[in-house]
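Next come the chains, spelled out residue by residue.
There are 2 protein chains.
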Amino acid sequence: MIKVVFFDLDDTIVDTTRLAEMARRNAIENMVRHGLPVDFDTAYQELLELISEYGSNFSRHFDYLLRRLEVPYDPKLVAAGVISYHNTKFAYLRTVKGVRRVLLDLQRAGYRLGIITDGDPIKQWEKILRLELDAYFDKVFISDHLGVKKPHPKIFKKALRKMGVEPEEAVMVGDRLYSDIYGAKQVGMITVWFKYGKYADRELEYLEYADFTIKSLEEVPEIVRGLNLEGKERADKEVHAD
Amino acid sequence: MIKVVFFDLDDTIVDTTRLAEMARRNAIENMVRHGLPVDFDTAYQELLELISEYGSNFSRHFDYLLRRLEVPYDPKLVAAGVISYHNTKFAYLRTVKGVRRVLLDLQRAGYRLGIITDGDPIKQWEKILRLELDAYFDKVFISDHLGVKKPHPKIFKKALRKMGVEPEEAVMVGDRLYSDIYGAKQVGMITVWFKYGKYADRELEYLEYADFTIKSLEEVPEIVRGLNLEGKERADKEVHAD
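Chains as they are written, first to last, in my numbering: chain A, 1 to 242; chain B, 1 to 242.
Calculated directly from the structure, the hints in this document are not laboratory data.
Some clues are possibly wrong.
The list makes no distinction among identical chains, and a pair is therefore deemed to hold if it is satisfied within one copy or across any two copies.
In the SDA-like style, the derived pairs of lysine to any residue whose C-alpha atoms are separated by at most 20 angstroms in a straight line are [said to hold, decoys possible]: (1) K89 x P121; (2) K198 x L50; (3) K123 x F58; (4) K3 x P167; (5) K195 x R33.
Isolated chain A (complex conformation):
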C-alpha cells in the first residue's frame, strides 16, 4: 500500500532547464547591449562551454566569460549579465505544467508528499518558497545538507525513516534515471521516471530501474491509485485463499 510520494525538484517540480536557458540568453543579450565587443552566438557558446566545465552553480561565470573571450575586465559588463540573469530567474520561475493540480490531487487522496533533491540547500529552498510550494510537502530532503548526493542510498533511507514508511510504501518521481530512479530502486522504492527536460534521452542504461515511464506528471495520481488497487486485490485474493 503506497503511503508516500516523493518528487525530485529540478525539472520535475520546477521548470529549471528552460529557466536557466532563458536566463543565460538574456544575460548575454544584455552584455552585448552594454558594449560586449563579441557577437551573441560566440559569447553564448562560450558561456555554455564554461558552464559545462565549471558547473551551473559557479558564481563567477560572467567574470570568467570575459577572460575566455579575451575582453578586458569590465565590472559594468559583468553587472549587465548578472542583472538580466537574476531578473529572468525571478520573473520566469515556474512549476512544470500541471504540478500543482497533481500535488493537490495526491494530497486530497490522503498521500503524504516529500521532496528529495540535490543542490545547494538555500537555493533549493529559495525555489520552493518563491513558488509557495512548501505547504504541499510534509518534508524536504536536500542532499548537500546531508553530505551525500543522489543516488547515494543514505538520502533515500533517511527520507523513508523520517516519513515512517517502508520502501515498498513509497513512490519516487524524478527526471534523472541515474540519480532519481536507480537511486530509489536501490533501496526498494517504486520508481516513476519523468521523461522530461535535458535528461529525457540520457542515462538510458539505467532505464531497467524505472517501474513506470511518464511524459506528463498528470499520470502520477493514476499510477499510485493503480498500485493501491492492485495491492488491495492481491490482499482480497489472499483472504479468499485462506
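With chain A held as given, fit chain B onto it using these hints.
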C-alpha cells in the same frame, strides 16, 4: 571655471540606507513567518549588531544570524531571509529625490558628470544599470577596482586626469564628510556636502573641508552656476584691471 561635477553613489544618487533598512526588516519578518522561533525585535537587533561587526557586504548574514540566536541551522529560514531581502532590494531600488532632474539640468548646461564611489564594482554597476543612470555620466570610478578607498587621493586624481580637468574645475558632491569631502578637498576640488542619510550627523570633525552644505541635491546646479558666475566676474575685473 567648473567643467565637471562628480557625485558619490550611495546615499547621494541612490537611496541606499533606506533601502537596506527596509530589506533587512522584510527579511527578518519573512524568517519569523517561516518559523524562526525568535521575536522580530530580538532578531532584528541581532542582525544590526552582526552587520556592524562584519560589514554590510558580508554574504552570510542570515547563516550567522541563526548561530547568534542559537537556532539550529535551517536552510529554509536562511532562504526565507534571502528571498525577502532580494525582493525588497529589487523592488525598492530608488534614486534620491530630485536626482534625475538635477543631472539633466547639469547636463543641459554643458557640464560633464562623473561618479566616484567605493564598493564592490559589480554591485555598484548593478545599481547604476538597474536605475538606468549610466547615460547621465561620462565616467564611473569605483575604488575597489583601483585597489584604494576614498578618501585616498589616488581615486580623485585619476578621475580628474581621465576627465581632463584641473582640480579647481571640478565639484565633488557626497554625503560623507570624511571620504567624499575631505578626500576631494585634499586634491583641491570644490566640495559640496550633501547632509543626508545616516551620515548627516557624523564625521563633523571634517566639516571644515566642505565649501558648501546642502540638504537637497536641487541646490547643486545653482551652486555650480554661482561658482562660474563668480569666476566670470573675477575674470572680467581682471580684464578691466589690465
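Here is how each hint holds up against the structure:
1. In this homomeric assembly, K89 and P121 come within 20 angstroms of each other (Cα to Cα) only inside a single copy, at 17 angstroms, whereas the closest approach across copies is 22 angstroms.
2. When the C-alpha separation of K198 and L50 is checked against a cutoff of 20 angstroms, the pair qualifies only within one copy, where the shortest distance is 18 angstroms, while the shortest distance between copies is 42 angstroms.
3. Proximity of K123 to F58 under the C-alpha cut-off of 20 angstroms is found in both arrangements, the shortest distances being 13 angstroms within a copy and 18 angstroms between copies.
4. For the homomeric pair K3 and P167, the shortest alpha-carbon distance inside one copy (10 angstroms) is at most 20 angstroms, but the shortest distance between copies (76 angstroms) is not.
5. When the C-alpha separation of K195 and R33 is checked against a cutoff of 20 angstroms, the pair qualifies neither within a copy, at 37 angstroms, nor between copies, at 36 angstroms.
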